[in-house]
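Protein sequence lines correspond, in order, to chains A and B. When we follow the working numbering, the leftmost residue of the first sequence carries the number 49, and every step to the right adds one. When we follow the working numbering, the leftmost residue of the second sequence carries the number 2, and every step to the right adds one.
None of these hints come from the bench; they were simulated from the model. A virtual CB, placed ideally from N, CA and C, is assigned to each residue, including glycine. It cannot be assumed that every hint is accurate.
Each computed SDA-like pair below joins lysine to any residue, with the alpha-carbon atoms no more than 25 Å apart [to be verified]:
1) A:388 to A:443
2) B:43 to A:300
3) A:214 to B:27
4) A:271 to B:134
5) B:90 to B:4
6) A:214 to B:109
7) A:271 to A:377
8) B:109 to B:55
9) B:109 to A:155
10) B:90 to A:155
11) B:30 to A:177
12) A:98 to A:79
13) A:364 to A:299
14) A:271 to A:289
15) B:109 to A:289
Restraint-style ranges between C-beta atoms, simulated for each label pair [what the hints assert, rightly or not]:
16) A:94 to B:144: 52 to 58 Å
17) B:91 to A:459: 43 to 49 Å
18) B:77 to A:142: 57 to 63 Å
19) A:88 to B:140: 23 to 29 Å
20) B:138 to A:236: 27 to 33 Å
21) B:25 to A:352: 29 to 35 Å
22) B:25 to A:80: 21 to 27 Å
23) B:91 to A:312: 38 to 44 Å
24) B:140 to A:204: 27 to 33 Å
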Amino acid sequence: MRWIFFKLYIFLLLPVSVLAKTIIVAPKTTISSLKAAIKIANSGDTIIVKKGIYVSENTLINKELTILGENAPVLDARFHEEVVTITASHVKFDGFIIQNSKTGSMRDYAGIRLNNVAYVIISNNILRNNFFGIYLSDSKHIQVLHNHLTGSNNQENSGNGIHLWKCKYIFIKGNYVTRHRDGIYFEFAKKSLIEDNFSEKNIRYGMHFMFSDDDIYRHNTFKNNGSGVSVMYTRRIKMLNNLFIENWGSSIYGLLLKEISDSQIEGNRFIRNTTGVYMEGSDRINITNNNFQSNGWGIRVLASCDKNTFTQNNFKGNSFDVTTNGTLKHNYFNNNYWDKYEGYDLNKDGIGDIPYRPISLYAQIIEKIPQSVMLMRSFIVNLLDKVERAIPSVTPESVKDEKPRMKPWKR
Amino acid sequence: MKILALFAIAVLFLIVSCSREPQPIQYGKDACAHCRMTIMDKRFAAEIVTPKGKVFKFDAAECMAAYLKTEPQIAADQNTIFLVCTYNKPGVLVNAQNCYFLSDGIFKSPMGGNLAAFISKERATTAIDSKTAKLYNWPEMLKTR
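All chains should be built: construct the whole structure from the sequences, respecting the hints.
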């Protein structure tokens with residue numbers, strides 16, 4: 049009997065001595081690399097890496113560890129390999145500087161790679177000069193928080209900042225991405241949330257969705273990227289309260305929608321883009337409560353789009369509010385504010401008494417003869433538009449806002 | 002003599018301006034004619050030169066195939082030039098009609114087609130990575146879209 053109590057007593061003591069092991073890594077000590085620490089660690093241990101510069105050529109994290117960098121230690125792959133690969137679940141990886149992964153055309157080398165794992169947290173890291181930054185494949189329930197990624201800015205051979213491939217339930221928050229190919233890239237990544245990120249000066253897109261359904265992105269800023277944000281071949285995306293700013297140049301859009309459906313674009317601001325929103329082959333999208341300000345083209349809707357609604361948006365200072373390349377049917381505009389509206393409101397209910405036609409005659413002419421853009425803001429163009437507004441004949445009859453607001457929507 | 006030289010230069014200009022030449026792809030600048038994405042990846046890019054000399058650039062062979070499906074006249078015309086970058090020599094455009102195309106999970110081509118081009122059947126077969134890989138020649142590849 050006593051023997052059993054003794055056993056129990058020992059058993060109760062065990063967790064304290066076994067589970068709470070902390071391994072310290074520091075330069076010029078017995079454990080001078082992360083690799084060595086992982087080798088002697090057991091699942092559940094904590095590794096603390098002190099300040100210093102460590103060579104890390106594809107350090108493999110294959111145990112359930114908490115790995116913390118103290119005062120931003122540097123892991124450097126010296127352009128030979130990947131820096132860190134995580135193949136175990138329940139890993140926390142926090143506070144490192146990850147730099148100089150290999151660049152290659154045959155393999156996608158990454159700063160931090162996660163492969164087939166779940167419940168991993170990657171937080172507060174600084175990634176510099178990597179081919180791909182954080183690369184997630186076949187993973188679930190991952191959190192990518194407050195990382196700072198700077199790519200190589202190589203025009204022809206650069207990878208994506210945060211790259212997702214076949215992932216589910218990913219939470220990406222508070223990251224800053226610049227000088228990569230695409231800032232954040234989703235391919236077959238579903239049911240994920242992306243919020244409070246800042247993506248600027250990336251070579252291709254600030255963010256890019258391919259075949260990724262049921263995602264939400266909100267409160268992000270996409271500034272001065274090669275081509276803004278692109279959402280392609282995707283369903284049920286919610287795009288809320290984002291800022292798309294200064295995405296300028298030929299064939300460059302704030303938001304490019306291609307073959308997407310059943311989505312929501314709400315509360316976003318599109319400021320100083322060549323084209324605010326470009327839509328091709330996109331159906332059943334609700335575009336409400338957005339601000340389109342100082343863009344070349346506010347919205348460009350191709351004739352292949354169907355059953356989209358545009359309500360309660362503000363259009364201010366755009367060269368063209370809405371353009372299309374054909375007859376636009378089954379797309380509804382209602383209750384928007386248009387600064388070009390010249391109607392009146394006799395009953396003072398805040399809604400203009402005559403409908404507004406957002407597609408101007410001149411926009412239609414440019415569609416047929418792009419060179420005529422040189423006549424922009426000339427007297428003859430203004431005259432043409434005025435006549436067309438008074439007696440509509442060329443602009444699509446179906447595209448009109450029956451209840452244009454007299455005053456902008458307050459946000 | 003001077004007139005002859007001028008005439009020669011004029012003729013030269015005419016020849017240059019009339020020729021149907023493939024254009025080099027400006028990676029990072031040119032947009033794909035089918036999917037509108039900016040062309041970035043030198044391993045997968047493709048190009049069509051129509052009989053009239055118009056050039057269409059694509060970010061992937063699958064985009065070229067999808068585009069040709071919507072433009073059957075261009076696809077059927079004998080004088081159309083079809084070009085594609087091969088996986089072993091990224092950035093170099095070669096005649097796509099002589100190429101073999103390998104569909105395999107390891108090729109992360111831009112439009113999710115997992116499709117890479119090779120100049121010969123041997124090269125393609127040595128690159129096979131998984132059991133699910135499929136090998137196509139040009140007409141077969143066009144039919145996959």
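task: Kindly indicate which numbered hints from before are broken by the structure, ordering the numbers from low to high.
output: As far as the earlier hints go, 3, 4, 5, 7, 8, 15, 19 and 22 are violated by this structure, in ascending order.
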